[in-house]
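Novice: Given the structure of chain G, go ahead and fit chains H and W onto it with the hints provided.
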Amino acid sequence: MVGRVLAAAAVAGSLLALIPASASAGEGVASITGTLENIEGAVRTPVPGVMITVSLDGEPIGSAVSDEGGEWEVEVPGPGTYAVELDVSTLPEGVALTNPNRSVLPAVDVSEGQRKVVRFNLGPGTGSTVGTWARVWGLFMIGLKLGAIIALSSIGLSLIYGVTGLVNFAHGDLVTLGAMLAFLFSASPVGPEWHVLLATAPALIIAGGLGGLQEVALWRPLRQRRSGMISLIVISIGLSFVIRYLILVVFAGLPRPYRDYAVQAPIDFLGAPIVPKSLVVIVIAAAVLIAVGLFLMRTQMGTAMRAVSDNSDLAESSGIDVNRVILVTWIVGATLAALGGILLGVTEQVQWDMGAKLLLLIFSAVILGGLGTAFGAMIGGFVIGVTVEMSTLIVPIEFKTAIALGVLVVMLLVRPQGLLGVRERVG
Amino acid sequence: MDWSGILVESTRSAIGVPAAAYAISAVGLNLQFGYTGLLNFGHVGFMLVGAYGMAITVDLGGSMWLGLMVGMLLAVLLGLLIGIPTLRLRADYLAIVTIAVGEILRLVVRSRFAAPLTKGIFGIQRFAGEFFDLNPLPEGRYGIGNLRFDQRTMWVVIVGWVVAVGTTLLVRRLIRSPWGRVVRAIREDEDAARSLGKNVFAYKMQSLMLGGAIGALAGAYLAIDQQNVGPDTYIPLLTFYAFTVVIIGGPGTIWGPVVGSIVFWFLFEFLDELMTEALVAGWFGDVLGSTDVGPIRFALFGIGLMWLMAYRPAGLFGSREELLIDER
Amino acid sequence: MSAEAHLAGLNPEPGVAKPDPILVVEGVRRYFGGLHAVDVEHLEVQRGTITSLIGPNGAGKTTLFNVLSGFDQPQAGEWHLNGGPLVGIPSYRLARRGMVRTFQLTKSLARLTVLENAMVAARHPWGETLRGAVFGRWQDTEKANEQQARETLRRFNLEHVADDYAGSLSGGQRKLLEMARALMVGPEILMLDEPTAGVNPALTQALLGHITGLRDDGLTVVFVEHDMDVVQEISDWVVCMSEGRVIAEGPSDVLAHNPAVIDAYLGGHHGEVPG
Chain G
1 MVGRVLAAAA VAGSLLALIP ASASAGEGVA SITGTLENIE GAVRTPVPGV
51 MITVSLDGEP IGSAVSDEGG EWEVEVPGPG TYAVELDVST LPEGVALTNP
101 NRSVLPAVDV SEGQRKVVRF NLGPGTGSTV GTWARVWGLF MIGLKLGAII
151 ALSSIGLSLI YGVTGLVNFA HGDLVTLGAM LAFLFSASPV GPEWHVLLAT
201 APALIIAGGL GGLQEVALWR PLRQRRSGMI SLIVISIGLS FVIRYLILVV
251 FAGLPRPYRD YAVQAPIDFL GAPIVPKSLV VIVIAAAVLI AVGLFLMRTQ
301 MGTAMRAVSD NSDLAESSGI DVNRVILVTW IVGATLAALG GILLGVTEQV
351 QWDMGAKLLL LIFSAVILGG LGTAFGAMIG GFVIGVTVEM STLIVPIEFK
401 TAIALGVLVV MLLVRPQGLL GVRERVG
Chain H
1 MDWSGILVES TRSAIGVPAA AYAISAVGLN LQFGYTGLLN FGHVGFMLVG
51 AYGMAITVDL GGSMWLGLMV GMLLAVLLGL LIGIPTLRLR ADYLAIVTIA
101 VGEILRLVVR SRFAAPLTKG IFGIQRFAGE FFDLNPLPEG RYGIGNLRFD
151 QRTMWVVIVG WVVAVGTTLL VRRLIRSPWG RVVRAIREDE DAARSLGKNV
201 FAYKMQSLML GGAIGALAGA YLAIDQQNVG PDTYIPLLTF YAFTVVIIGG
251 PGTIWGPVVG SIVFWFLFEF LDELMTEALV AGWFGDVLGS TDVGPIRFAL
301 FGIGLMWLMA YRPAGLFGSR EELLIDER
Chain W
1 MSAEAHLAGL NPEPGVAKPD PILVVEGVRR YFGGLHAVDV EHLEVQRGTI
51 TSLIGPNGAG KTTLFNVLSG FDQPQAGEWH LNGGPLVGIP SYRLARRGMV
101 RTFQLTKSLA RLTVLENAMV AARHPWGETL RGAVFGRWQD TEKANEQQAR
151 ETLRRFNLEH VADDYAGSLS GGQRKLLEMA RALMVGPEIL MLDEPTAGVN
201 PALTQALLGH ITGLRDDGLT VVFVEHDMDV VQEISDWVVC MSEGRVIAEG
251 PSDVLAHNPA VIDAYLGGHH GEVPG
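Residue numbers (the numbering used here), protein chains in the order written: chain G, 1 to 427; chain H, 1 to 328; chain W, 1 to 275.
There could be a bad hint or two in this list.
[Unchecked claim] Computed from the model, here is a short list of chain G residues facing chain H with C-beta under 8 Å:
id: 1; residue: T33
id: 2; residue: I61
id: 3; residue: G62
id: 4; residue: V65
id: 5; residue: M229
id: 6; residue: V234
id: 7; residue: L239
id: 8; residue: L246
id: 9; residue: F251
id: 10; residue: F363
id: 11; residue: I367
[Unchecked claim] Counterexamples of contact, computed for chain H against chain G with all Cβ distances above 10 Å:
id: 12; residue: S63
id: 13; residue: A91
id: 14; residue: L107
id: 15; residue: G129
id: 16; residue: P136
id: 17; residue: F266
id: 18; residue: T276
id: 19; residue: W283
id: 20; residue: L316
Simulated from the structure, these hints should not be mistaken for laboratory data.
Positions of the beta carbon are idealized from the N, C-alpha and C atoms, including for glycine.
Pulled out of the complex, with its shape left as it was, chain G reads as follows (with noise of 0.2 Å):
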């Protein structure tokens, strides 16, 4: 009852928000335009086939590639703010981007039958087109930040499955709602605005105090009332949207980064350019990852876990408070996810619904792993953190994470029980 008064706090989600990703029947008259040419001193000759990509939101929705003028356009369904990338792999020998941490203008505002021109400035490159190597190591990295994201948000979905057999649809929510809190607590001026460090340690304990809550006033009743476990999966269902949607009353549509570490210039890590707060990322959740792992594996509690994932029957005659367990790992779930999503913030931006984006992300994270072992979501994060950042090698961006929940749907068909799971369970 109290988990539903307070989720009934949480309202909100509005068709409205919705609109600018549904596709009316626009005919495409806005559009993002522009010339490339290479300036060398007074010279200036234009460079084609150079592949320029625009995103919405964070998904593909056209590109173009330069013709003999070095002119290229991208139509846009409607008025909006967008991205637009330039393939640098896809620029000539010897044409390089002035700013090569300059390859992608993260917020092109478009408005209604506008075409708005943009500018890359290419120069005579210093043989620096980015080389594969740099590309595919700097993928590499790119997906391990986001494999680490992935894991940290994982372990705990796999976790509560693991002890309650609950496949919680709300998970992803509660990164999303990780990040927002410490938005609260920093960047928002309704906060004490504090920096964003100082932010995360209040945002994961209210975070980790809500996966408590949600666990003693709704789960645990429901679970006394043997609900079954696909009413289980429905309510989560339903939570997902009340938790979405009340963060999107409060927080409303647009995408706002926290005000620490926002733009940084990238360096050179071993061959490949990366942003400095990527690698603070991958160290930071590979350091509470370990950290995890010590306290599954040494640690009263960890043990208790572990025993209870595998078999809460026999774990309880040897003893173990069930429901403290349960306890314990809802805490600790919901604090992980969002320091995740605290981590997804900083390294992106904050939105209503990144969470949710991710979840499709997390599930393949743990189908793969093993659904209910915590170290099989943390591979299973990596590995597809991975996979969906160097697919981009071979397929087009627009596929990102069809590729992953392709991983998911073969993962499902060839080995069910995941890399660690046990065969058992599934079928």
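Specialist: Relative to the frame of chain G, chains H and W by itself:
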């Protein structure tokens, strides 16, 4: 507060095109989930396939009726494709796979790669001329009092409900047959059904494919009304609309989908109207704005779904007896 | 010749051949990890007899049932019903061939009525197909099946609850229903997994009466049982398993004094003293 206005609009919603469409969609989902126990979280995928199958066929020069067949056939194929590897998995795994497949379909249809056929993010428009050519209604407004539809919408509404009732009657026929009895047995306990000599896999597959074909019909119907298909329409939210409709009306009941859809769309619109009026009348003061009405409505939808599943899993009007013996 | 007469004079050794075996099991092995759940060298079941399968908990009785009826896959071995090989055949096909089993934890189809439970077990080659359901004309077979179902229910004293939901039945009634249902499938051999577990003594007697009745009609019955009184009362033959292997078989009075059997129960890990 304009109560009569609120009621009129809510009733309009309860009998209008989306209500008819979701009644049809729910008939299909009810067969899969309500009667067979399949947790198909990718139902929107079937709707997508039905709509796009039809639109692409027309775009390539075919007749709309051929397109409808194509859409439904594609749905059957999709069911086969999803079913073969996943029907042996447990319910929660099936849920995850189906939601993933639904999203994969949407992403593919949206992509530049498929754009030559699907027109990518822009989608396809104006393919339903043949449908509207059949409209026998002369120009005018039809209805009672303030609740009126123009002849175009009226036609779509009538056809929609005819199809909804028609598919319901088909499902009724099936469920009342020995085939239906086996399906219901499978829902209760698959192993028991196997021990009685029933090929559980085949029945689940048939249910999935048939339910999917009906879902495709719903998708095509919606697309006909809009004269538009676009990838971003077919998001998981639509699957959960259909689930809510099924649950409200009672999973595993014959008329549940139709009743559920009417009730759901009535309530959905009612909440919207109520909140908008309340906002205008200043009940919420400064705290909420007009853009918040939609989100709040969705969150209430979420709460409603949770409450339903916890307290009324057999539907708003579910039989007490069935509720008492529901061992799950 | 009665069942017992067929079995008289057989040497009570594990794996002994029977004069007219309906079921022959050879070299069936099922292990989990390092644990041998089932390791049966050779076992034959005489046609038209009641055979009990006994043994302490964890002996592998239910696992053997699962393997033989297709609900589990062995790592090795084969078995034949009336000479026809059954390896690799899915459970539902085995049921159709006459290998019908019930479950330890009764699986009543709760939201179907008792009559529907019985009728779903019957064969309905046209009505149970999708095309049949759509095009109709399955009413004749349905009527015949209903008649047969009601007769079977009457036999098991369930006719008066025919229109009640199976989920509203008592535990004992559910056991009876499961047996009635199994009968409707038309079995050649009926494998009952603990048919009297959790059933009160009066109902147990009724159940036993039904089982002997079925045997007298010519059906072969194999059932897992823990209660030695029950075993001694109705079994024509007893097979004792321990740690996955058949350690003894023979008439019930012979096995009660078999040292290996006594050892298995007393000295075993989860022994149950035969009583």
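Novice: For each hint, tell me whether it holds in the structure or not.
Specialist: Each hint, compared with the structure:
1. T33: violated, 17 Å
2. I61: holds, 5 Å
3. G62: holds, 7 Å
4. V65: violated, 12 Å
5. M229: holds, 6 Å
6. V234: At 5 Å from the nearest chain H Cβ, V234 (chain G) passes the 8 Å test, so the hint holds.
7. L239: holds, 6 Å
8. L246: This hint holds: L246 (chain G) lies near chain H, its Cβ roughly 5 Å from the closest one there, short of 8 Å.
9. F251: violated, 10 Å
10. F363: Holds, because the Cβ-Cβ distance from F363 (chain G) to chain H comes to roughly 5 Å (cut-off 8 Å).
11. I367: It holds, given that the least Cβ distance between I367 (chain G) and chain H is near 7 Å, below 8 Å.
12. S63: holds, 22 Å
13. A91: Non-interface label fails for A91 (chain H): nearest chain G Cβ at 6 Å, not farther than 10 Å.
14. L107: violated, 5 Å
15. G129: holds, 15 Å
16. P136: holds, 27 Å
17. F266: The claim holds: F266 (chain H) sits with its nearest Cβ about 17 Å from chain G, beyond 10 Å.
18. T276: holds, 12 Å
19. W283: The claim holds: W283 (chain H) sits with its nearest Cβ about 15 Å from chain G, beyond 10 Å.
20. L316: holds, 15 Å
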